[in-house]
Amino acid sequence: MAENGVVVVVTGVPGVGKTTVIDAAVKAAKNEGINVILMNYGTVMFEIAKAKGLVENRDQMRKLPSNVQREVQRLAAEKIAEAAREGIVLVDTHMLINTPEGLLPGIPVWVAENLRPNVFVLVEADPEEIRNRRRRDETRERDEQLVEEIRLHQEMCRAAAASCAILTGATIAVIPNHDGKAHEAAETVFKLFRAIAAKFGEVS
Amino acid sequence: MAENGVVVVVTGVPGVGKTTVIDAAVKAAKNEGINVILMNYGTVMFEIAKAKGLVENRDQMRKLPSNVQREVQRLAAEKIAEAAREGIVLVDTHMLINTPEGLLPGIPVWVAENLRPNVFVLVEADPEEIRNRRRRDETRERDEQLVEEIRLHQEMCRAAAASCAILTGATIAVIPNHDGKAHEAAETVFKLFRAIAAKFGEVS
Amino acid sequence: MAENGVVVVVTGVPGVGKTTVIDAAVKAAKNEGINVILMNYGTVMFEIAKAKGLVENRDQMRKLPSNVQREVQRLAAEKIAEAAREGIVLVDTHMLINTPEGLLPGIPVWVAENLRPNVFVLVEADPEEIRNRRRRDETRERDEQLVEEIRLHQEMCRAAAASCAILTGATIAVIPNHDGKAHEAAETVFKLFRAIAAKFGEVS
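Residue numbers (this note's numbering), protein chains in the order written: chain A, 16 to 219; chain B, 16 to 219; chain C, 16 to 219.
Think of the hints as simulated: they come from the structure by calculation, not from any bench. It is possible that some hints are incorrect.
Unchecked claim - Chain C side only, calculated, beta carbon under 8 Å to chain A, not exhaustive:
#1 Val134
#2 Arg173
#3 Ala177
#4 Ser178
#5 Ile187
#6 Ala188
#7 Leu207
Said to hold, decoys possible - For lysine-lysine, the following DSS-like pairs were computed, each having C-alpha atoms within a straight-line distance of at most 27 Å:
#8 B:Lys45 <-> B:Lys94
#9 A:Lys78 <-> C:Lys214
#10 A:Lys67 <-> C:Lys214
#11 A:Lys214 <-> B:Lys67
#12 C:Lys78 <-> C:Lys67
#13 A:Lys78 <-> C:Lys206
#14 A:Lys45 <-> A:Lys214
#15 B:Lys45 <-> B:Lys196
#16 B:Lys78 <-> B:Lys65
#17 B:Lys206 <-> C:Lys78
#18 B:Lys78 <-> B:Lys94
#19 A:Lys214 <-> B:Lys65
#20 C:Lys67 <-> B:Lys214
#21 C:Lys94 <-> C:Lys214
#22 A:Lys94 <-> A:Lys206
#23 C:Lys206 <-> C:Lys94
#24 B:Lys206 <-> B:Lys45
#25 C:Lys45 <-> C:Lys206
#26 A:Lys206 <-> B:Lys78
#27 A:Lys78 <-> A:Lys65
#28 A:Lys214 <-> B:Lys78
#29 C:Lys65 <-> B:Lys214
#30 A:Lys65 <-> C:Lys214
#31 C:Lys94 <-> C:Lys78
#32 C:Lys42 <-> C:Lys196
#33 C:Lys78 <-> B:Lys214
#34 B:Lys214 <-> B:Lys42
Glycine included, every Cβ here is placed at the ideal spot set by N, Cα and C.
Only chain A is shown next, with the shape it has when bound in the complex:
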């Protein structure tokens, strides 16, 4: 039953090292026999839109009319909630996305309600650390942002997470991923999986 599924939503601003932390935590969980299904929210949305013939590539996703985008978002949330019947689902997504029109919510209320999340995880680092990581990172195209912009972005993500928690009853876990401490961050996420599996996982 979907009502007993476990959905962990993991978010973090670009450059925070979210992917590294997620991968290590999922691996550690698997080693202990805790099965974690990893789903990228944007990818699930793209697959739904593609199957419906709305887009052919990911760049076209942004150009969908708002109401269509919203419907695809809602369907993706339902698909993820359904997958959660099989075990812990970890959703890789964004709390707020930097756009030319401002910070765009990645988990608006119609997504939050359909996802039925148990936990919102915020992976964080010091703004200066994130700025330096973005500079070093040459594998992805990322805009340089000022430290103050990163600080603001992270602060607003916290507030947005609080709102999502109030709307869903899910918990919020803020997990620091400081330089040279990715292992500790992954360990904390893994312990969170264990606590969640113990609390919510018995029925699934």
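Given chain A, work out where chains B and C should sit, using these hints.
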């Protein structure tokens, strides 16, 4: 009419001195002829669950299935809103509770909407003050937390309160309770009662 | 169609210089052929209440019963959403208003949902700058507030904006208006208009 009742929700992280402030403010209000009914949200929930034969002691509350817990939460909110027909009800509760799964909302949307609160009060202190108070406090079992964890907890409580205010239209009052200033904090809460009684209390 | 209208909500605490920034941004937009309709939320509410015979002057607005106030708030939101069929509507309002009962939400959920906003703009400055501006400002009656109160007010406005964004899917833009930099702030708001006109404005 419940619609004209006055509900003041008072929250604060463990160690902030919420109980002292509440008791002094309620006493000061009574001295001025303003009747304040004090209700502890957890106690109201426990009494409802016990009357329904769901639990025998408070420890069992945490082990109730999520959907049952949610229903009990909702019923407690209704009971409090009903008590507010008789005067100002002060609800002693938590904005966010520290759990192994992260910060758990004490006032999710289905509680907020049923409580119909007029004001959310956040009793706060400096994180260092709270840490020291927890150390001195030997009457309750409390985990030592780092100053940074307390800072985060209070910051997230503010964001959660903002969300509750947007969802209900209630105001937010942040009231500092610094070392040696509990009297001033109580005085501020009492003045808030007076302002609320003047604004909303005429019909009750 | 109202669904394709563009609504930009601009907020800022008293003394932040919101009006100056708005006026300069609207002028710059008009110079580039982008038509921006400026609406003050409080004025729209007052006109509705007056037309209904509920009040004769603005002072009486505060004394309306809560449920009547709420209905007027909702009608004002609808009226603004309707005006947005004609172009970009800029709504001048408050995120949180300082009252004796605490910080009162200017955009509770029933307003947010009916406004169907695209962007929430927060005009901000350093708390010290705002305090000094309030001191110099002798054209309006404003209470002196401590720097800490202004800091808290702005922080809570950010959190409230995050909640409004989650509830509506609108973006959030935080725009600094530092001393001697009102021109830059206006330029940033104007660029936001341009980005919004490019993204949402094609149908209107």
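These are the hints, each one checked on the structure:
no.	hint	result
1	Val134	5 Å, holds
2	Arg173	6 Å, holds
3	Ala177	4 Å, holds
4	Ser178	4 Å, holds
5	Ile187	5 Å, holds
6	Ala188	4 Å, holds
7	Leu207	7 Å, holds
8	B:Lys45 <-> B:Lys94	23 Å, holds
9	A:Lys78 <-> C:Lys214	9 Å, holds
10	A:Lys67 <-> C:Lys214	23 Å, holds
11	A:Lys214 <-> B:Lys67	23 Å, holds
12	C:Lys78 <-> C:Lys67	15 Å, holds
13	A:Lys78 <-> C:Lys206	20 Å, holds
14	A:Lys45 <-> A:Lys214	18 Å, holds
15	B:Lys45 <-> B:Lys196	21 Å, holds
16	B:Lys78 <-> B:Lys65	14 Å, holds
17	B:Lys206 <-> C:Lys78	20 Å, holds
18	B:Lys78 <-> B:Lys94	22 Å, holds
19	A:Lys214 <-> B:Lys65	22 Å, holds
20	C:Lys67 <-> B:Lys214	23 Å, holds
21	C:Lys94 <-> C:Lys214	23 Å, holds
22	A:Lys94 <-> A:Lys206	26 Å, holds
23	C:Lys206 <-> C:Lys94	26 Å, holds
24	B:Lys206 <-> B:Lys45	12 Å, holds
25	C:Lys45 <-> C:Lys206	12 Å, holds
26	A:Lys206 <-> B:Lys78	20 Å, holds
27	A:Lys78 <-> A:Lys65	14 Å, holds
28	A:Lys214 <-> B:Lys78	9 Å, holds
29	C:Lys65 <-> B:Lys214	22 Å, holds
30	A:Lys65 <-> C:Lys214	22 Å, holds
31	C:Lys94 <-> C:Lys78	22 Å, holds
32	C:Lys42 <-> C:Lys196	17 Å, holds
33	C:Lys78 <-> B:Lys214	9 Å, holds
34	B:Lys214 <-> B:Lys42	20 Å, holds
Violated hints for the displayed structure: none, as all numbered hints are satisfied.
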